[in-house]
Amino acid sequence: MSTPLDWKGYEPVLIPKISGLHQIDIYEKNGGYESLREVLLNKTKWPDAVSVVNEVKEANIRGRGGAGFNAGLKWSFMPPVDGGPRYLACNGDESEPGTFKDRKIFEYNPHLFIEGALIAAYAMSISTVYVYIRGEYRSFIQMMEKAVSDAYAKGYIGKNILGSGFSTEMVVHSGAGAYICGEETSLLESLEGKRGYPRVKPPFPAQRGLWGRPTTINNIETLANVPLVIKNGASWFKTIGAETHPGPVLYGISGHVNRPGVYELPSGMPILTLIQDVAGGMRNGKRIKAVIPGGSSTPVLRGDALEGVNMDADSLRQAGSMMGTAGMVIMDEDTDMVEVLWRISKFYHHESCGQCTPCREGTGWLEKILDKIMHGDGETRDLDLLLDVTTQMEGRTICALADAAAWPVRYTISRFREEFEARCRKSVYALA
Amino acid sequence: MEYSFSKDDLAKIDEIKSRYPEVMPATLPVLWLAQDKFGHVNEEVQKLVAETLDLPVSHVHGVAEFYTQYYKKEMGKFVLDVCTCLSCHIGGGYDILKHLEKTLGIKAGGTTNDGLFSLQEVECLGACGYAPMMQINNDVFVNHLTPEKTDQVVEGLRKGKYPEFESIAMPLNPNTSASKETV
Ligand SMILES: Cc1cc2nc3c(=O)[nH]c(=O)nc-3n(C[C@H](O)[C@H](O)[C@H](O)COP(=O)(O)O)c2cc1C
Ligand code: SF4
Ligand code: FES
Numbered sequence: 001m002s003t004p005l006d007w008k009g010y011e012p013v014l015i016p017k018i019s020g021l022h023q024i025d026i027y028e029k030n031g032g033y034e035s036l037r038e039v040l041l042n043k044t045k046w047p048d049a050v051s052v053v054n055e056v057k058e059a060n061i062r063g064r065g066g067a068g069f070n071a072g073l074k075w076s077f078m079p080p081v082d083g084g085p086r087y088l089a090c091n092g093d094e095s096e097p098g099t100f101k102d103r104k105i106f107e108y109n110p111h112l113f114i115e116g117a118l119i120a121a122y123a124m125s126i127s128t129v130y131v132y133i134r135g136e137y138r139s140f141i142q143m144m145e146k147a148v149s150d151a152y153a154k155g156y157i158g159k160n161i162l163g164s165g166f167s168t169e170m171v172v173h174s175g176a177g178a179y180i181c182g183e184e185t186s187l188l189e190s191l192e193g194k195r196g197y198p199r200v201k202p203p204f205p206a207q208r209g210l211w212g213r214p215t216t217i218n219n220i221e222t223l224a225n226v227p228l229v230i231k232n233g234a235s236w237f238k239t240i241g242a243e244t245h246p247g248p249v250l251y252g253i254s255g256h257v258n259r260p261g262v263y264e265l266p267s268g269m270p271i272l273t274l275i276q277d278v279a280g281g282m283r284n285g286k287r288i289k290a291v292i293p294g295g296s297s298t299p300v301l302r303g304d305a306l307e308g309v310n311m312d313a314d315s316l317r318q319a320g321s322m323m324g325t326a327g328m329v330i331m332d333e334d335t336d337m338v339e340v341l342w343r344i345s346k347f348y349h350h351e352s353c354g355q356c357t358p359c360r361e362g363t364g365w366l367e368k369i370l371d372k373i374m375h376g377d378g379e380t381r382d383l384d385l386l387l388d389v390t391t392q393m394e395g396r397t398i399c400a401l402a403d404a405a406a407w408p409v410r411y412t413i414s415r416f417r418e419e420f421e422a423r424c425r426k427s428v429y430a431l432a
Numbered sequence: 433m434e435y436s437f438s439k440d441d442l443a444k445i446d447e448i449k450s451r452y453p454e455v456m457p458a459t460l461p462v463l464w465l466a467q468d469k470f471g472h473v474n475e476e477v478q479k480l481v482a483e484t485l486d487l488p489v490s491h492v493h494g495v496a497e498f499y500t501q502y503y504k505k506e507m508g509k510f511v512l513d514v515c516t517c518l519s520c521h522i523g524g525g526y527d528i529l530k531h532l533e534k535t536l537g538i539k540a541g542g543t544t545n546d547g548l549f550s551l552q553e554v555e556c557l558g559a560c561g562y563a564p565m566m567q568i569n570n571d572v573f574v575n576h577l578t579p580e581k582t583d584q585v586v587e588g589l590r591k592g593k594y595p596e597f598e599s600i601a602m603p604l605n606p607n608t609s610a611s612k613e614t615v
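Respectively, the protein sequence lines represent chains W and L. Using my numbering, you'd call the opening residue of the first sequence number 1 and step up by one each time. Using my numbering, you'd call the opening residue of the second sequence number 433 and step up by one each time.
Rather than coming from a laboratory, the hints here were simulated on the basis of the structure. Everything numeric in this text was worked out from a predicted model, so none of it was measured. One should not assume that every hint holds.
[As the list claims (entries may be wrong)] Computed cross-link-like contacts, PhoX-like style, restricted to lysine-lysine with a CA-CA straight-line distance of at most 25 Å: (1) L/449 <-> W/194; (2) L/539 <-> W/372; (3) L/505 <-> L/479; (4) L/581 <-> L/469; (5) L/539 <-> W/194.
[Unchecked claim] Just some of the chain L residues that point at chain W, by a computed CB distance under 10 Å: (6) 437; (7) 470; (8) 491; (9) 542; (10) 543; (11) 554; (12) 562; (13) 592; (14) 594.
Glycine included, each C-beta is placed from N, C-alpha and C at the ideal position.
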């Protein structure tokens, strides 16, 4: 971008500085549920559901769950109404290592998300909204249950909402410990009360989702942006942050910085600014060795290649990585990259659901070979073996977990090759 | 041990069933209800859940096995789940795990002889910025662990003192206000 980002004066809108905002009456006093009311009752401005979909599409809210897909565009894939039930599944599984942002919405501004989900429900003629939250978030699940029941009591959820004739139900559903249930079709299986085995696509959930009926899946943070777009307009939304990836972003910063945490700032923030100015710089003044920008599956960037790299899809693609969930893991010069990669691979091996051979076997091999290298028993040719295994995994499975497991291996080795080689004995053929 | 649901439980289960168009989706919430009541969902509990919901035992068993938070056997009174995943790993999660293994005298996956503590190594719990951390009994998170803080928590639990939910203040934009302040 040519103009430097004005982030210093940025005032948070997803998690604004209003104390007690999680309480429904304080949320209402601050303009809460006005967007829902407008959409349902102001027929001059919002003549029909399609007008709402179009505004959201125009805003280009790119999915905050990892894939970065335009939310309004996704909504427009729902087939025409046929009188049967239609569902919205809100993805609060939040299990990608390095990601801890949706919980801030549950704790500090649950009604913003609920309002967004209700607007989405109206826009897609949805009869029931399921809010799927990872089971480990018991505290946050309780907060959400309270918020949903308060919203029911005030008539924002349920039959004939605000006298508009529109009705929809909302149910909070707890997971029980399985990363894979964050994958959208696995989440549907889990909601249906089964093991979380991802489904083969197509058919896509918009055609056949929950109980075979049209279903849309959106991330919690994605939906929390919706009332803001309705209130201030798509054109306002597009002035925030990066042009092709606009809006506020909850950056989750963890690792070796002085002030880790979740920060709400415009999209497109320079990575170095986030580390130095926002998160208080590196602990003990150490150098930055590596940054994983968007959760464990996104390719690691070298610390010496961060100049000019911003947190938006385009800039990160140019730099050779991805935005993912904006869960940034910052590592200092003392970090052992072999160990880090081993730990990431152990995670994916543990979480593979086992349906596809390349994933079930591949993730196991990655962990095993890395374990060997970490303990000094590896040979340089094992590095090629690792890359070979990733090639056999990528793009050959039912869901993207296999890719998510393969990318870190591919890119950590290619970007920190010297460190991996230093841990390996020279293979015989390499000496020859 | 004889496992059964009370009248109140059954009323709650009916309410759970009413949230979904079919019975099967009640499997996970009812397993949770059972685990909260009995402390685990071993095969007998799985059978009870299956009979109550009129679903095949094999289905309930398959679900219980798939999800890591369901305890398939009896556990200690306090289950300590220490995260050693990416951010916790680089923040010293394994040091905390080893420290607990030493002080409790068990390996991860084990339970102390007095039945008080079970220790587990777990994957990312969504508290990466507050690493290293652990979760107790599938419930509260204890963040920013040090060996000293870990000892305090364990001693507290021995005395029946259960840690409270730690609200993490939202750090604000450092340029617009003081760095750490509750919203
Ligand atoms: C293995 C795997 C795990 C995922 N985990 C999550 C998750 O925890 N939370 C989430 O919102 N999306 C997750 N996703 C992405 C979802 O499949 C889906 O794209 C997303 O929820 C859609 O919402 P959005 O368009 O609003 O981002 C995961 C995807 C994969 C392949
Ligand atoms: S890719 Fe892995 S996680 Fe996804 S369906 Fe196949 S085995 Fe399961
Ligand atoms: S890595 Fe431990 S909570 Fe995320």
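Right, here's what the structure says about each hint:
1. L/449 <-> W/194: holds, 15 Å
2. L/539 <-> W/372: Measuring from Cα to Cα gives roughly 22 Å; hence the hint holds.
3. L/505 <-> L/479: holds, 14 Å
4. L/581 <-> L/469: Violated, at about 30 Å.
5. L/539 <-> W/194: violated, 32 Å
6. 437: Residue 437 of chain L check fails; min Cβ-Cβ to chain W is 18 Å, beyond 10 Å.
7. 470: violated, 15 Å
8. 491: Holds. Min distance 8 Å.
9. 542: It is violated, given that the least Cβ distance between residue 542 of chain L and chain W is near 19 Å, above 10 Å.
10. 543: Violated. Min distance 19 Å.
11. 554: holds, 8 Å
12. 562: holds, 7 Å
13. 592: Because about 20 Å separates residue 592 of chain L from the closest Cβ in chain W, which is outside the 10 Å limit, the hint is violated.
14. 594: violated, 13 Å
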